[in-house]
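The chain contents come next:
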Amino acid sequence: MSIYRTLTARSIDPTTLPVDEQKLFSQLLEESQKSPDWVTFSVFWTKLLRDVLRGLPPENRTKHPLYKMAQDLEMRLGIAQGAVAEPDYRDYLIDRIEEKFGSRYRFCKATGIPEAELSQVLSGKKSFSVKRLVEAARALDMGLVLMPKAELTLDALSEKKPLKEAADLFAQELASVEAVAEHLKHVEASSRWKAFLKERSLLGDTLLHIEEELRNRPAQQRNEDLLPELERLRATIDASLTHIRRKLASLHEGQALGEKSKT
Amino acid sequence: MERKVQVVFQVPLKEDAEAGNGEEHPPFRWRLLQDQMTKLFDGWTEQPGWTGEWARPGTGEIVNEPSRVFQIDAKENSLDDAKGFLRRVCVTFGQECIRAIILGYAEYIEGGPDDEHL
Chain B
0 MSIYRTLTAR SIDPTTLPVD EQKLFSQLLE ESQKSPDWVT FSVFWTKLLR DVLRGLPPEN
60 RTKHPLYKMA QDLEMRLGIA QGAVAEPDYR DYLIDRIEEK FGSRYRFCKA TGIPEAELSQ
120 VLSGKKSFSV KRLVEAARAL DMGLVLMPKA ELTLDALSEK KPLKEAADLF AQELASVEAV
180 AEHLKHVEAS SRWKAFLKER SLLGDTLLHI EEELRNRPAQ QRNEDLLPEL ERLRATIDAS
240 LTHIRRKLAS LHEGQALGEK SKT
Chain Y
0 MERKVQVVFQ VPLKEDAEAG NGEEHPPFRW RLLQDQMTKL FDGWTEQPGW TGEWARPGTG
60 EIVNEPSRVF QIDAKENSLD DAKGFLRRVC VTFGQECIRA IILGYAEYIE GGPDDEHL
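Going line by line, the protein sequences match chains B and Y. Be aware that the first sequence starts at 0, since it is given in numbering that gives the first Met the number 0, and climbs by one per residue. Be aware that the second sequence starts at 0, since it is given in numbering that gives the first Met the number 0, and climbs by one per residue.
Bear in mind the hints are in silico, worked out from the structure with no lab data behind them. A couple of the hints might just be wrong.
What the hints assert, rightly or not - When the alpha-carbon atoms are kept at most 20 Å apart in a straight line, the in silico SDA-like pairs for lysine to any residue are as follows:
1) B:LYS125 with Y:GLU115
2) Y:LYS38 with B:GLY101
3) B:LYS67 with B:LEU52
4) B:LYS46 with B:PRO57
5) B:LYS46 with Y:VAL7
6) Y:LYS38 with B:ARG53
7) B:LYS124 with Y:ASN20
Because the structure is a prediction, the values reported are computed rather than measured.
Taking the hints into account, I'd like the entire structure generated from these sequences.
Written as structure tokens, this is what we have:
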């Protein structure tokens, strides 16, 4: 069971939960992976966690790791279904205020930011000035970053994104090699090998490029265990290439034998 | 034991096009709503698949929009607190008003400038 990361990048370790609660977490994950309607999932999790949460005072229920993860899974479904907007800076702000100060009142008292102003920012009626945002971020031990937009999407921040990218490229490359192999049945022998080797070299370059890309990613976007995955993918591709090479060789031999018998 | 009354209210999935920006809400709003319902009303009940249809106060225009419909149990002698909560829901979710059923009566609860975010 790996660490759960919320939409606002808060880490929750499910292995620290009692065994029966870990089972509940597994049920939550399993259900969410069926991609139910987000509101249906909300009803599911509130029912599933009722007994665990009932024993706690209401203010502690909302801090329970299972409650947090269930709520986060619900939001992820809502976003995927287009019913909820992707999180913006206010999601990070409010989450961090809760985590570090416990309440907006305490945060505002500590920073001198008027509560009414924060309230208007949260409801979207106003925006913080950059100066105010820097003050808030400093109080929350956060930093402000300007990043390319493409890297800000949820998908780009997903741990599996590099692997998906790699897999998509491999599939594309493999398809093109197979297409070439198929096409080569009908072309002259020496040129087909040349073309084949060229394709293979392109594939090798792609692999190296992806590997390099993965290693250069910022730590938060890189998942070290993707590298072994990449190796496994490389082995799969190599096996496929060997298969294609043999197929081509037998075609080549067949064609050579045919030509020989003609003479 | 103190009697409680059922309060049902609907929250549109998007901000009001006039009072807000007409777009879907960011996740933190739904999260804060659930947290507040847990803290103030000991939880909530929800029926998936409901959509809201209501007449806009003033113009009478029929508004039909996908909404989430929540049910909470409020203390009978603290209904004003429940209405205060709904005013804050209205402000938080960028709505002109929140349609609620309280003691069987439909009410349209508007948030004011003094009502804070949830």
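Now the hints, each set against the structure:
1. B:LYS125 with Y:GLU115: 13 Å, holds
2. Y:LYS38 with B:GLY101: Answer holds: LYS38 of chain Y to GLY101 of chain B is near 14 Å, not above 20 Å.
3. B:LYS67 with B:LEU52: 12 Å, holds
4. B:LYS46 with B:PRO57: Distance of about 16 Å is within 20 Å: holds.
5. B:LYS46 with Y:VAL7: Holds - the C-alpha atoms of VAL7 of chain Y and LYS46 of chain B are around 19 Å apart, at most 20 Å.
6. Y:LYS38 with B:ARG53: 12 Å, holds
7. B:LYS124 with Y:ASN20: Measuring from Cα to Cα gives roughly 9 Å; hence the hint holds.
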